[in-house]
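Q: If you're matching them up, the sequences are chains A and B in order.
For the first sequence, our numbering begins at 10 and goes up steadily by one.
For the second sequence, our numbering begins at 10 and goes up steadily by one.
Treat the hints loosely; a few may be bogus.
Note that identical chains are pooled: a pair holds if it fits in a single copy or bridges any two copies.
The calculated EDC-like cross-link candidates involving lysine to aspartate or glutamate, where the alpha carbons are at most 20 angstroms apart (straight line), are [said to hold, decoys possible]:
| hint | residue 1 | residue 2 |
| --- | --- | --- |
| 1 | Lys352 | Glu272 |
| 2 | Lys91 | Asp64 |
| 3 | Lys348 | Glu188 |
| 4 | Lys262 | Glu314 |
| 5 | Lys233 | Glu156 |
| 6 | Lys317 | Asp383 |
| 7 | Lys348 | Glu253 |
| 8 | Lys258 | Asp310 |
| 9 | Lys63 | Glu365 |
| 10 | Lys355 | Asp310 |
| 11 | Lys63 | Asp383 |
| 12 | Lys262 | Asp310 |
| 13 | Lys356 | Glu314 |
Bear in mind the hints are in silico, worked out from the structure with no lab data behind them.
Number of protein chains: 2
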Amino acid sequence: MGKAIEHDQDGSTVGIVEKQAFTFAEQPNELALESGAGIGPVTIAYESCGTLNKDKTNVILVLHALSGDSHMAGFYKPEDPKPGWWDSMVGPGKGIDTDKYFVICSNILGSCMGSTGPASINPATGQEYAIDFPMITITDMVKAQKELMDHLGIKKILSVIGGSVGGMQVLEWCVRYPEMVVSAVPLATTCRHSALAIAFNEVARQSIMADPNWNNGGYYGGKKPDMGLAIARMIGHITYLSDESMRLKFGRKLQNRSALSFEFGAEFQVESYLQYQGNKFIERFDANSFLYITKAADYFDLAREYGKGSLVKAFSRCQSKFLVISYSSDWLYPTYQSKEMVKAMKKNDMDVSFCEIDAQWGHDAFLLPDSRLDNLISGFLRSLCHDAPAI
Amino acid sequence: MGKAIEHDQDGSTVGIVEKQAFTFAEQPNELALESGAGIGPVTIAYESCGTLNKDKTNVILVLHALSGDSHMAGFYKPEDPKPGWWDSMVGPGKGIDTDKYFVICSNILGSCMGSTGPASINPATGQEYAIDFPMITITDMVKAQKELMDHLGIKKILSVIGGSVGGMQVLEWCVRYPEMVVSAVPLATTCRHSALAIAFNEVARQSIMADPNWNNGGYYGGKKPDMGLAIARMIGHITYLSDESMRLKFGRKLQNRSALSFEFGAEFQVESYLQYQGNKFIERFDANSFLYITKAADYFDLAREYGKGSLVKAFSRCQSKFLVISYSSDWLYPTYQSKEMVKAMKKNDMDVSFCEIDAQWGHDAFLLPDSRLDNLISGFLRSLCHDAPAI
Numbered sequence: 010m011g012k013a014i015e016h017d018q019d020g021s022t023v024g025i026v027e028k029q030a031f032t033f034a035e036q037p038n039e040l041a042l043e044s045g046a047g048i049g050p051v052t053i054a055y056e057s058c059g060t061l062n063k064d065k066t067n068v069i070l071v072l073h074a075l076s077g078d079s080h081m082a083g084f085y086k087p088e089d090p091k092p093g094w095w096d097s098m099v100g101p102g103k104g105i106d107t108d109k110y111f112v113i114c115s116n117i118l119g120s121c122m123g124s125t126g127p128a129s130i131n132p133a134t135g136q137e138y139a140i141d142f143p144m145i146t147i148t149d150m151v152k153a154q155k156e157l158m159d160h161l162g163i164k165k166i167l168s169v170i171g172g173s174v175g176g177m178q179v180l181e182w183c184v185r186y187p188e189m190v191v192s193a194v195p196l197a198t199t200c201r202h203s204a205l206a207i208a209f210n211e212v213a214r215q216s217i218m219a220d221p222n223w224n225n226g227g228y229y230g231g232k233k234p235d236m237g238l239a240i241a242r243m244i245g246h247i248t249y250l251s252d253e254s255m256r257l258k259f260g261r262k263l264q265n266r267s268a269l270s271f272e273f274g275a276e277f278q279v280e281s282y283l284q285y286q287g288n289k290f291i292e293r294f295d296a297n298s299f300l301y302i303t304k305a306a307d308y309f310d311l312a313r314e315y316g317k318g319s320l321v322k323a324f325s326r327c328q329s330k331f332l333v334i335s336y337s338s339d340w341l342y343p344t345y346q347s348k349e350m351v352k353a354m355k356k357n358d359m360d361v362s363f364c365e366i367d368a369q370w371g372h373d374a375f376l377l378p379d380s381r382l383d384n385l386i387s388g389f390l391r392s393l394c395h396d397a398p399a400i
Numbered sequence: 010m011g012k013a014i015e016h017d018q019d020g021s022t023v024g025i026v027e028k029q030a031f032t033f034a035e036q037p038n039e040l041a042l043e044s045g046a047g048i049g050p051v052t053i054a055y056e057s058c059g060t061l062n063k064d065k066t067n068v069i070l071v072l073h074a075l076s077g078d079s080h081m082a083g084f085y086k087p088e089d090p091k092p093g094w095w096d097s098m099v100g101p102g103k104g105i106d107t108d109k110y111f112v113i114c115s116n117i118l119g120s121c122m123g124s125t126g127p128a129s130i131n132p133a134t135g136q137e138y139a140i141d142f143p144m145i146t147i148t149d150m151v152k153a154q155k156e157l158m159d160h161l162g163i164k165k166i167l168s169v170i171g172g173s174v175g176g177m178q179v180l181e182w183c184v185r186y187p188e189m190v191v192s193a194v195p196l197a198t199t200c201r202h203s204a205l206a207i208a209f210n211e212v213a214r215q216s217i218m219a220d221p222n223w224n225n226g227g228y229y230g231g232k233k234p235d236m237g238l239a240i241a242r243m244i245g246h247i248t249y250l251s252d253e254s255m256r257l258k259f260g261r262k263l264q265n266r267s268a269l270s271f272e273f274g275a276e277f278q279v280e281s282y283l284q285y286q287g288n289k290f291i292e293r294f295d296a297n298s299f300l301y302i303t304k305a306a307d308y309f310d311l312a313r314e315y316g317k318g319s320l321v322k323a324f325s326r327c328q329s330k331f332l333v334i335s336y337s338s339d340w341l342y343p344t345y346q347s348k349e350m351v352k353a354m355k356k357n358d359m360d361v362s363f364c365e366i367d368a369q370w371g372h373d374a375f376l377l378p379d380s381r382l383d384n385l386i387s388g389f390l391r392s393l394c395h396d397a398p399a400i
């Protein structure tokens, strides 16, 4: 890792990275899931950048969101048109500085980007799991990540960092494996999925399941439920933006025309944008994975199993130092939800910093290059130095 | 009209009402549409309550929203389980007092509740119009309402009142027929459909058009695109509520179970609610009408044709007195959009009152019984008495 390649815009890239895979829970073992079911074997795809120090104390675990993958930074090959999804944050001298830290990102359980999910082969049948894949939760994703850490011989994580569904995993890490997590940065996330967020996910799922090509999940090898998945993604994209960002980005501008054409189809730019996003998504994502991961997000309620639903009790086991970040125009996981978690942390006398970043780009803001976020995260990580041996 | 029936909860009902129909633009005439196309004949269904005074100066025109109809108040027959959609507002002694005013509500052009729309028979073919129905706009709806007023011999309207898409019609009335409109109450509405609102409508339309039963609009007599329409309605319902109202109404409560069942289907109450709303809608509404009316809403930009998109110029012809009302938790047509129209009105030295009602119920709030709204509207109407002869 680290070989600089030419098309990095700001000259600081982790260079070429390689997707790796770790398989565990091989027969007769299984990963015990929160639902009571089990699954095995489980493969987790992961990537890393930077160099692990000899004491293994400079590990940062980056956790991705719904449709993300392990490819957080760098390029698989020099001719790749785009780097990983968080290349603006992860690299030499960047917010998460790969000159200092060994940064790991793994693909979540249930996804379709290298880790075991509904599109994987069920060893019991030799066919894709499809909807025989067991229901999974954020807890299950984190348990699989813990297996990967054990495999890599990592006992302490300097920081777990992630936004959105990745932020839910951050929180789960801190309450489930408190002794391992030195610090945590949950970004643009929530302690429990709201009725509004569940509602959007449910409509998106209904859209997939209404597509006749979905065929009760059994579409592998046949026509895929592309229309349903595209609509699901369009719904998602609306929730990732904001009224303000859509007004600034699209307003009422027309697409490739100077006057209304009075026909169905994408007359307005915002319609064209959503259709483009929907169509792009179906090329890379599996509809069943979308169903399972959105369900996992909906199930997420950090407090559910910790002391009768009390968030204060849920955090009582935590030993991590926290930096909680929300975005002013994020209406999917609004700032008040971050404040709720900060309040519960403070009641436990935890070391927590909170920042609401003033940004118009809605929920998606956490994925966009922003020097304020870079500075917040790099400063926070530097503040941990007395906890972590120098590299 | 006015025969009291037993099951009116607060004892003040307009009683039994009758749906009527007016047909115009009969061959060889046509109603000229904004798109440049024409349509004829056009039937408009309408209902009225109260008594028209001899000078015809006590007319109030109520304008309904997307999925509404002419049945604003009262009952068609004594055994009807529910009264009209705005029975809480329209009746003897109510906010719009049928002891004083003659209140008319007509079904909008393009709908499926008695007025000409895509499910109507195209005289040129003897078949339903389906997607041969011409594209319509808010202007076209209002032009058809004007024909109805002419037919009824009404030259002055004491007040045009409506919310949401009905509010758009209110605004259109005031700028298109300024000499006819004494006063206007646009509720929970906007002067131009935002990118966010267009986005939701477009995804809803995509959901209908992705349903194979839609069959490019030609589903009459066959299987209807029920799945697509139900999903479209679910999307709509999310936008009619608010984060707060959904939290209070549903939170994370489960539907008919005490623990998560880890299965697809409606586990959470909010999911069950949306599915119920979707399924209820398909029984009464035509999918093609949904497509056309949402397009009309998306096209709505009051300023477009008036002086280079200037809202101030658009209102410059208005002679009406205004009461503009928004709701604090309406994120579909947020308060800032109402303030924008109030500002443009004030720049024209118009007589305008503005009120933001503090309510948690989102966009739907304008349809819910609320004594504050009753008082605002009845007070506003009383203030017009010096303009209107006593009845």
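Q: All hints, please: hold or fail.
A: Here's how the hints hold up against the structure:
1. Lys352 / Glu272: neither (51 angstroms within a copy, 33 angstroms between copies)
2. Lys91 / Asp64: neither (33 angstroms within a copy, 72 angstroms between copies)
3. Lys348 / Glu188: Neither way: lysine 348 and glutamate 188 sit 24 angstroms apart in one copy and 53 angstroms across, limit 20 angstroms.
4. Lys262 / Glu314: between (48 angstroms within a copy, 15 angstroms between copies)
5. Lys233 / Glu156: neither (33 angstroms within a copy, 50 angstroms between copies)
6. Lys317 / Asp383: neither (37 angstroms within a copy, 43 angstroms between copies)
7. Lys348 / Glu253: between (22 angstroms within a copy, 16 angstroms between copies)
8. Lys258 / Asp310: between (34 angstroms within a copy, 18 angstroms between copies)
9. Lys63 / Glu365: Intra 36 angstroms, inter 62 angstroms, cutoff 20 angstroms: neither.
10. Lys355 / Asp310: Cα proximity of lysine 355 and aspartate 310: one copy only (19 angstroms, versus 48 angstroms across).
11. Lys63 / Asp383: Neither: 26 angstroms inside a chain and 73 angstroms across chains, both beyond 20 angstroms.
12. Lys262 / Asp310: Answer is between: at 12 angstroms across copies they meet the 20 angstroms cutoff, but 40 angstroms inside does not.
13. Lys356 / Glu314: Classified as within: same-chain Cα gap 19 angstroms, cross-chain 58 angstroms, threshold 20 angstroms.
The structure fails hints 1, 2, 3, 5, 6, 9, 11 (numbered hints given earlier, in ascending order).
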